[in-house]
Each structure stands twice: as structure tokens, then as C-alpha cells.
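Undergrad: Here's the letter readout for the chains.
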Amino acid sequence: MLNIVKAHYILNMKILLKEKLPLLWSTALPVIFLFINGQYVQDTMFLNFFWAIIIFACYIFGVGLQAVRLREAGLLKTYFSINHSRMLFFISLVLTQMTSAFISMLILNSIAALFFPVNFLEAMMYSTVLIVLTLPVAFLSANLTMLHKSSYQTLSTVIAVIFFVSLFTLTMDNVINYVNPLVYLSQLLFLQGVYDYLVYVIISAICMVTGIYSLRNYQVNSVMRR
Amino acid sequence: MITVQNLSYKAIVENTNVTFEPGLNYIYGSNGSGKSTFLDCLSGINHTYSGTITGNDDLVYMNQNLYFSMKLKVKDYVQFVLTLDRAKHNAKDYFSYLEGLGLKMFVDEAWNREVSLLSGGERRKLFFVTTCYLDREWYIFDEPFSGVDEEGKTLITSIFERLDARNKGIIFTSHEHVQFEHIDLNMFTLQNKQIFETHPQQISTFTS
Chain A
1 MLNIVKAHYI LNMKILLKEK LPLLWSTALP VIFLFINGQY VQDTMFLNFF
51 WAIIIFACYI FGVGLQAVRL REAGLLKTYF SINHSRMLFF ISLVLTQMTS
101 AFISMLILNS IAALFFPVNF LEAMMYSTVL IVLTLPVAFL SANLTMLHKS
151 SYQTLSTVIA VIFFVSLFTL TMDNVINYVN PLVYLSQLLF LQGVYDYLVY
201 VIISAICMVT GIYSLRNYQV NSVMRR
Chain B
1 MITVQNLSYK AIVENTNVTF EPGLNYIYGS NGSGKSTFLD CLSGINHTYS
51 GTITGNDDLV YMNQNLYFSM KLKVKDYVQF VLTLDRAKHN AKDYFSYLEG
101 LGLKMFVDEA WNREVSLLSG GERRKLFFVT TCYLDREWYI FDEPFSGVDE
151 EGKTLITSIF ERLDARNKGI IFTSHEHVQF EHIDLNMFTL QNKQIFETHP
201 QQISTFTS
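Chains as they are written, first to last, in our numbering: chain A, 1 to 226; chain B, 1 to 208.
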């Protein structure tokens, strides 16, 4: 079982390092926004918005959309014809993106510690906790694989629009922020009281159950091409 | 033995019953007759069919279209396949196997090249020999002879003979007439959404 995860993980990491664009999304973009919004960074916890950008880029683009992309490219036919394990394939995708998120956080936190009043170790600790707390988002993104009739191009465009609208309204006092996923992701480190934790557990459970259901029904064949 | 009972998938394959015995099984069918769809169901890649398929737990399947990240190297593909295969094998065994087939130099030379830099025929050869290296009860190939030159066809035939000698089961499709000199073939035809056992003479009639 470990070998299957290892095989997919190593392959995913090689693909990730070959394709520069995903790394650019998850690393350069938050760094640029950090400098644009530098005046808001008063201490370590102000980095939470930038961590949320990394999490969104890694778990939505890197897990759910990547699963759709690999299906459309036909690669899953090759993978699953040797070994069928859909769940282990998904676990390896998540592990790859956790690694990617950690590397991006490391770069962002290092730069932030150099230029702003930020404690590097504290930043690494909290950002790592956030990577774990937001794991249900990776499961939620697996639901994208259920949209069989939407092409990768269409889905990635829609998600990119949501991402950029969320990004540009993040620091504004705007009504859109009531449904801004980046706001909710960034606030996960500030859960307080039974009500907050209960809501987190219920939403996480929904994300995970629907994600696992989607993975069990994950069709390897693309309807977009043979 | 792989047994297919009442298999139906969309309007491509309908209520099909067929049994495949170990040895060489050749499914003939014209273009677009549903051969790839049938193999997708048989291999478990597609599990949304109705009916039952038993005995297909231990198999490997090579598709007609070969997919792998083109930016990665040949060694990445081989290492991925060997690691994915539960580490039953190692690179040393793999190269001994290639040596036995006279292909060690080919893979050695290609080892550090990107998959995209291989020709279609070289890519097919690499995928085919690597697939056949894996230890399974059944080997399924979709159109393995398609677009392959005479040398490639000889290689495929000799590997099929080796697998057959080890009592493995092989199922392959072709829209062309295929002949084997040293192995008995079980022949099937996919026509009108059904698969039925055929005699060689009947296939010659289809292809003439």
C-alpha cells in the first residue's frame, strides 16, 4: 500500500517541479500580495491571509483540478491499469500538495521574517497547523471530479475567477467577503468556543464524506476524449 | 479463467457472455465496434457497466493510446511502474529481462531522454515491454499491433509466446488479421454489440 502512495507521490513531485506555473501560483502570488499589503502586517498572525492563498492554490488547483486534468490527459488510464487504488492515488495527491504548501509557506515566512515584524518559527508553526486544519478542503475539491461534462479548461477558468475575486476583495470591507473562501480559510486559526469547533467539525465531516463519495465513483475515462 | 456474464455498457456492448481461458485470446472487431470499451470494462478501468466479470483481479492492461507526462524521462516512467507494482521487482531484474529480449541497449540509450523525445514506435515498445515485465495472471492489450513495424510485431509475438509458455492469460484486440505460428489462438469476434467465439477462417473472411 505504501509503495503505491510512494510511486504516485514521487511522480507527482517530479511533475510539480517540471511545471513551474503551479509553484508560481502558490508561492510568487502570496509573496507579491504580501508586499502590496505590507502595511497590514503588524505581527505573525497577520500572515494568515497569505497562508490562505497558498492553501487555496494547493488544495483546490493541486488536488481536485489536478485529478480532473490527469483524467482528461488520459494519464489515469495508464496509472490505474497497473494498479486500481483510487483512494491511494488521492492520498498521494494530497501529500504532494501538503509538501508544496509547506515549501511555499517556508519561502513566504522567510521573506516575511526578513522584511516585516514576523517571528519565523511562530509563523512556520501556525502555517503548518493551518495546512492540517484545512485538509477537508482537499477532500471538498475532490467533488470537482464529479463534474464529468465540464472540461478542465472550463473548471480551471471558473475556479481562477473565484480565486482572483476572493483575493482582491480580501482586504476590503466588502459584502463579497461573507462568501469569500479565503476569509474562512484564514480564520481557522482563530476558532474559539464550542460553537466554532462544532461548526468546523460538521463542515469538515461534510467535506470529507462528499469527497470520499466522489472518489469512490471517480471515473477514469474522460468524456472529453477517448 | 475470466468469465463475463450479461455484460452491458451503454449501447456499445449488450448482454454479452464470454469466457476467456489462459493462453492467447484474440478479439477481432472492426474500427468503432467497441473493443476498447469492452477491454476497459474487463480490466476494471471502467466499473460502471451492468453484469458481472469474475477472475479479473490479477491483471495489467495496456491501452491503445499511451499516456504519460511527456516532460518526464524514460527512467521516471520505469521507476514509477516498478514502484507502483508493489516493489516485486527491482531495476536489476528489469534490465536482465530486457537483455533477454535484446532491448537493453534501447532502454539504456533512452533512459535519460524525455518521453516526448521518443518516437511513437519507441514509446509503444517501451510501454509494451515494461507492461509485460510485471508479474500478473492476465495481460490485456488494446490493438498492440496497430502502427507497429515488422520488427515490432516480431517482438510482440515473441513476448506473447514467452507469456503463454508460463501459462499466463493474454487478451488482445486487433482490427487486422493476426496469425501466430507457434501458439494456438482462441479467437473471438466483437460484432453487433456481442462477443462470440470464432474460427480463424471466419476472421479471414471478415478481413478480406
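Heads up, some of the hints might be wrong.
[Stated by the list, open to error] Listed next, the stretches of chain B that the computed footprint assigns to chain A, with coverage defined by at least 3 CB atoms under 8 angstroms from CB atoms of chain A:
id: 1; region: 2-16
id: 2; region: 45-51
id: 3; region: 71-81
Simulated from the structure, these hints should not be mistaken for laboratory data. Values in this document were obtained by computation on a predicted structure and should not be read as measured data. Using N, Cα and C, we set each Cβ at its ideal position, and we do this for glycine too.
Undergrad: Work down the list of hints and note, for each, if the structure agrees.
TA: Against the structure, the hints come out as follows:
| no. | hint | verdict |
| --- | --- | --- |
| 1 | 2-16 | violated (count 0) |
| 2 | 45-51 | holds (count 3) |
| 3 | 71-81 | holds (count 6) |
Violation of the numbered hints given earlier is confined to hint 1; every other hint is satisfied by the structure.
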